[in-house]
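Peer 1: Build out the structure end to end from the sequences listed, making use of the hints.
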Amino acid sequence: MHQLKQYQIAEALERDLGDPGHPESTMSFKRVMELDESEEFPEAEVDWLYNWKLQDYYVPENCGGKFSSFEEFVAFVRVMSRRDQTIAIAFTTMFWSFLTWMAGTDDQKKKLSQFIREEKGTMCLAYSERAHGSDLIGGDVTAKKVEGGYLLNGEKWPINRATRSGVTFVLAKTDEEEGARCLSLFMVDKRQLDPSTYYNLPKILTHGIRASDMSGIGFKDCFIPEEMRLQDEGSGLELALKGFQITRMLCAAFSHGAADTAMRTTLNFAINRVIYNKTVFDIPQPRQTLVDAFIDMLVCDCETIGAARGFHIIPEQFSVWAAVVKYFVTIKLEEVINSVYVVLGSRFYMRDEHDYGIFQKLLRDNSIISMFDGSSVVNLHALILQFRQIAKYRSRRKQKTMEGIQSRLDTIFSLEKSVPPFEPEKLGLFGRGADDVLQGLEIAWEQLQALKTEADVDADVLEKIISLTTIVLEELDAFDERIANSGFEHGHDQDPELFELAKKYCDLHAAAASVHTWIYNRTILDDFFSKGEWLVLGLYRRLRPWRSLPNLVPKAYSENVAQHLLKLHQENKMFSIVPIQLAQTETQEEKPHASAELQLQA
Amino acid sequence: MVQSDVDTPNQSVDSVQAIQNWMVNQLVEQLSLDAKNIDVTEPLTRYGLDSIDAVTIVGELEDWLEVELPSTLFWDYPTIEKSAQYLVEEFDVSAALDNAESAAPSETKAAKPEASEKSGKGWGGFWKGLGG
Numbered sequence: 001m002h003q004l005k006q007y008q009i010a011e012a013l014e015r016d017l018g019d020p021g022h023p024e025s026t027m028s029f030k031r032v033m034e035l036d037e038s039e040e041f042p043e044a045e046v047d048w049l050y051n052w053k054l055q056d057y058y059v060p061e062n063c064g065g066k067f068s069s070f071e072e073f074v075a076f077v078r079v080m081s082r083r084d085q086t087i088a089i090a091f092t093t094m095f096w097s098f099l100t101w102m103a104g105t106d107d108q109k110k111k112l113s114q115f116i117r118e119e120k121g122t123m124c125l126a127y128s129e130r131a132h133g134s135d136l137i138g139g140d141v142t143a144k145k146v147e148g149g150y151l152l153n154g155e156k157w158p159i160n161r162a163t164r165s166g167v168t169f170v171l172a173k174t175d176e177e178e179g180a181r182c183l184s185l186f187m188v189d190k191r192q193l194d195p196s197t198y199y200n201l202p203k204i205l206t207h208g209i210r211a212s213d214m215s216g217i218g219f220k221d222c223f224i225p226e227e228m229r230l231q232d233e234g235s236g237l238e239l240a241l242k243g244f245q246i247t248r249m250l251c252a253a254f255s256h257g258a259a260d261t262a263m264r265t266t267l268n269f270a271i272n273r274v275i276y277n278k279t280v281f282d283i284p285q286p287r288q289t290l291v292d293a294f295i296d297m298l299v300c301d302c303e304t305i306g307a308a309r310g311f312h313i314i315p316e317q318f319s320v321w322a323a324v325v326k327y328f329v330t331i332k333l334e335e336v337i338n339s340v341y342v343v344l345g346s347r348f349y350m351r352d353e354h355d356y357g358i359f360q361k362l363l364r365d366n367s368i369i370s371m372f373d374g375s376s377v378v379n380l381h382a383l384i385l386q387f388r389q390i391a392k393y394r395s396r397r398k399q400k401t402m403e404g405i406q407s408r409l410d411t412i413f414s415l416e417k418s419v420p421p422f423e424p425e426k427l428g429l430f431g432r433g434a435d436d437v438l439q440g441l442e443i444a445w446e447q448l449q450a451l452k453t454e455a456d457v458d459a460d461v462l463e464k465i466i467s468l469t470t471i472v473l474e475e476l477d478a479f480d481e482r483i484a485n486s487g488f489e490h491g492h493d494q495d496p497e498l499f500e501l502a503k504k505y506c507d508l509h510a511a512a513a514s515v516h517t518w519i520y521n522r523t524i525l526d527d528f529f530s531k532g533e534w535l536v537l538g539l540y541r542r543l544r545p546w547r548s549l550p551n552l553v554p555k556a557y558s559e560n561v562a563q564h565l566l567k568l569h570q571e572n573k574m575f576s577i578v579p580i581q582l583a584q585t586e587t588q589e590e591k592p593h594a595s596a597e598l599q600l601q602a
Numbered sequence: 001m002v003q004s005d006v007d008t009p010n011q012s013v014d015s016v017q018a019i020q021n022w023m024v025n026q027l028v029e030q031l032s033l034d035a036k037n038i039d040v041t042e043p044l045t046r047y048g049l050d051s052i053d054a055v056t057i058v059g060e061l062e063d064w065l066e067v068e069l070p071s072t073l074f075w076d077y078p079t080i081e082k083s084a085q086y087l088v089e090e091f092d093v094s095a096a097l098d099n100a101e102s103a104a105p106s107e108t109k110a111a112k113p114e115a116s117e118k119s120g121k122g123w124g125g126f127w128k129g130l131g132g
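Going down the list, the sequences are from chains A and B.
With the UniProt record's numbering, letter number 393 in the first sequence gets 393, and the count goes up by one each step, no holes.
With the UniProt record's numbering, letter number 44 in the second sequence gets 44, and the count goes up by one each step, no holes.
I should point out that these hints are in silico values taken from the structure, not numbers from a laboratory.
There may be inaccurate statements among the hints.
[Stated by the list, open to error] Here are the simulated SDA-like cross-link-like pairs (lysine to any residue), alpha carbons at most 25 Å apart as the crow flies:
1. Lys426(A) x Asp14(B)
2. Lys109(A) x Phe223(A)
3. Lys82(B) x Lys400(A)
4. Lys398(A) x Asp76(B)
5. Lys400(A) x Leu69(B)
6. Lys426(A) x Asn37(B)
7. Lys82(B) x Lys110(A)
8. Lys573(A) x Ser418(A)
9. Lys426(A) x Met102(A)
10. Lys426(A) x Val67(B)
11. Lys144(A) x Asp76(B)
12. Lys426(A) x Val40(B)
13. Lys145(A) x Glu81(B)
14. Lys110(A) x Gly234(A)
[Stated by the list, open to error] Some residues of chain B that are not near chain A, with every Cβ distance over 12 Å (derived):
15. Asp14
16. Ala35
17. Asp39
18. Phe91
19. Ala95
Cβ atoms here follow ideal geometry from the backbone N, Cα and C, with glycine treated the same way.
Peer 2: Structure follows, in structure tokens:
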């Protein structure tokens, strides 16, 4: 078991699911490929997860479940996603329950908790409509007030699990006047509806996640009782935007799982395939490609894990942080997958060869992650609108502000520290410009200087980390100045140049998150992490698109990273800053099918 | 203009007017509109501000008035007139208004950087040209 207890559930789930390379395991690559080919919903696999009681970890402790931290949640979603994103996404539509945990009455929470934990219930999110894209207020679904409740009318599409979910979170207009208060959110329980007043739309044939229940739902004068409404009339958009702050961050977990398998199956090939009398891994160019991809995975880890913990400490800042994670991590891990498939060669394209053809499936499945729950453009736009406040906040920091940031960064990034319970009521529609991760970078810079007297820190590595952190700070200053002196527009006609600036902000943010992660966990995580060579490479890669840099990265650093990558592959550990032990084939053979209780105790 | 140093019976009326003027100027500046075409009784969305813009513009108002406001201010009070009245009734904005030069509705864009430098505390001229 991992010494960090928030990773123990992920390790237990790993072990019980078994090695995905072994055809007899639950959710093995062989099995998920069959599901994909048949496009049939993964009924048995989802049922297995319910029997394992994974659903309990989607319900907060104060609502009767076992959810205690987003860090733990992200870790076990990665474990599912590395096998199959289709199943991971299907099971995880359940995390829309956070809308109720955030905004529901005690009765609504109790009802949903019971539905999830005792009735294998699931839910879906019915926001989008065929004609309206990301424009939620432009929607056509209406909820007209009648005695005792509302009459729902209209169609929601495309919706993952629309047909199979028992509870549907429906966003509908309760006010004919278009405006920010025209929407209300309903937790619609299908069991309470007259079946003749709603209908499901046919399964949509998709490029990836082909075994999903991707469909839609329509309502015709469908009566829903008043108690299905979450909070007051008119609060729908507010709840929707706050809910997205939670789910956008969690989407990163799907991408991490896919990237892990992309790297693993590519290494399965690269270390065995001999060409020109060498393995592919021993040829410099593919070796460097894999090292670079691995470095990007580690940087994404710092951004995702930091954010997962940050939710518990600074939820009010997530109008910024969730947008950074949803843009940066999902897009960067798409790039990782695209870069390693060149090493895998034409096998990446085959539907049966090489690890049952899992690569082409994950490539297809994964390409929806950066699109759903807010596309990259939506997230960059959300950042652009906040840049003036972000830059102003930074210029106004005082000693007291910095002390607050320092104390919060310490709790956010120290993985051995426990986090307080999540308080969704503290989520805010805008964070008033606060962004501790980048605005606390001067603190990190001072901490790095102080490390010069520590005997266990390699002086060369530290010097390079300091140099690169200094450049991140310079680029951040330049960013602020650019924002201060640029024109500013509201609305959706933003200059495309601003989108490039938003991408730069995300790179700087990920660089800062990596520095903080290293500082606070240097003595907690493994030797590879502590030594910090990966961080030098990570910072270098974040800055290179924006700045002409001196070549200060020794070849030895890359070589050491290559050796560590090989070691994780050989030991069958996750490609992560927290390299949990993955399921072994031997274990699977010894213990093929433990009962649900035994699995949980293990 | 606000008679900031004299406590007159009309002070709250003047405060409402000052806030309205400031907001009209924000719209003039950021949406490239003509002040003459802005009606304080019309919903802000009519001028091209969408629901998310209405959240982010609260930050500008907070900076100017030096108070913490609900981020849904313009969702619940969607016109310039209604939000200005709400602010004067619910928040102590007099100190900030005393310090800040409110811009008259007829003020031209050229006169704005000066006003913004006065109200933009802590920016040391860094933020000039942005109006607020």
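Peer 1: Indicate, hint by hint, whether the structure satisfies it.
Peer 2: Each hint, compared with the structure:
1. Lys426(A) x Asp14(B): Violated, at about 35 Å.
2. Lys109(A) x Phe223(A): Cα-Cα ~21 Å, so holds.
3. Lys82(B) x Lys400(A): violated, 36 Å
4. Lys398(A) x Asp76(B): violated, 33 Å
5. Lys400(A) x Leu69(B): Holds, at roughly 22 Å.
6. Lys426(A) x Asn37(B): Distance ~39 Å between Lys426(A) and Asn37(B) Cα, so the pair is violated.
7. Lys82(B) x Lys110(A): violated, 39 Å
8. Lys573(A) x Ser418(A): holds, 24 Å
9. Lys426(A) x Met102(A): holds, 10 Å
10. Lys426(A) x Val67(B): holds, 19 Å
11. Lys144(A) x Asp76(B): holds, 21 Å
12. Lys426(A) x Val40(B): Distance ~32 Å between Lys426(A) and Val40(B) Cα, so the pair is violated.
13. Lys145(A) x Glu81(B): violated, 29 Å
14. Lys110(A) x Gly234(A): holds, 24 Å
15. Asp14: Correct as stated: the minimum Cβ-Cβ distance to chain A is 28 Å, above 12 Å.
16. Ala35: holds, 17 Å
17. Asp39: holds, 17 Å
18. Phe91: holds, 16 Å
19. Ala95: The claim stands: Ala95(B) keeps its Cβ more than 12 Å from every Cβ of chain A (closest is about 18 Å).
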